[in-house]
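Student: Sequence:
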Amino acid sequence: MPDYGYEEVADHAMALLMAQARGISVLDRSVRTGQWTNQPARPMHRMRGRVLGILGYGRIGFALAQRAIPHGLKILVHDPYITADRVADIGAELVDKDRLVAESDFISVHAPLTPETHHTIGEPELRAMKPTTYLINTARGPLIDEYALARAIDEGWIAGAGIDVLEQEPPPPNHPLIGLERAIVTPHAAFLSEESLLELERRAALSVVRVLQGRMPEYVWNREVLERVSLAEE
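Using the numbering used here, the letters of the sequence shown correspond one by one to residues 171 to 404.
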C-alpha cells in the first residue's frame, strides 16, 4: 500500500518545518531547565516570503505544497520525473537540484530511495545550503548522510533539521543527531494516525480478497508473477 498515510506524512513534515521555524523545541527545552527567555531560538525569521524546496514531488510532496502555500511560502520543486506544468497550477517552480539546495530556506525530502538517491543530501549539498536553512526528512533515512548532517548543524553550515527517519532504526545511543540542540528527531512516526493504520489494514485485506476473486489487486510489487497468472483488469 504505497499511498496510505500520505496526508499524515505531509502533516508531520509541515509540523517539523513550523517547529523549527518558530524554535518550538529549543524554547521548550529552555523553559524546562528553568529559563524564561527567547534568546535560545534566535535568530528567528518570519515564515511568510521564505522559500520551501520540495525534493521529490509525488503525493506527499504535493500535499506538503498545499499546506505550505497558505503560510506564504514560495515553493521550489526538484523532481527529474515530472514536467513544469505539474507544479505550475499551485504557483510552484520546477528547478534543478543545485538551485533548490542553494536558494531554499526549508528543504523537505520526499524522494523514493533508489541507488541513485542514496545520500542525495550529503556534504556537498549541505555546504551549498544557506546557514539559515532547515532540512526536513520524513521519507527514507538513507536519502541523507546523517553524519554529514550532524556536522553541518554542529558547525553552523545550516540552521537545523527535523528528522523522522534514520538509516538505522532504532539508532545507536551515540547517534550524532540525538541530543543536538537544533535537531528534532521523531521515531518514524510521520505515517501514524489511527485512521491511517485502519486504512492500511483494510486495503491490504481487500487486495487479498481481489486476488482470491480472480481480480487484479490495487498494487502489484512483483509484477513478474503476472506472466504466470491470469487476473481480470477493471
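By construction, these hints were calculated from the structure, which means they are not laboratory data.
Here the structure is a predicted model, which means the values were calculated and not measured.
Heads up, a few of these hints could be off.
Listed below are the simulated EDC-like cross-link pairs for lysine to aspartate or glutamate, each with C-alpha atoms no more than 16 Å apart in a straight line [as the list claims (entries may be wrong)]:
no., residue 1, residue 2
1, K300, E286
2, K244, E286
3, K267, D249
4, K244, D259
5, K300, D268
Student: Just pull the numbers of the violated hints for me, sorted ascending.
Tutor: As far as the earlier hints go, 1, 2 are violated by this structure, in ascending order.
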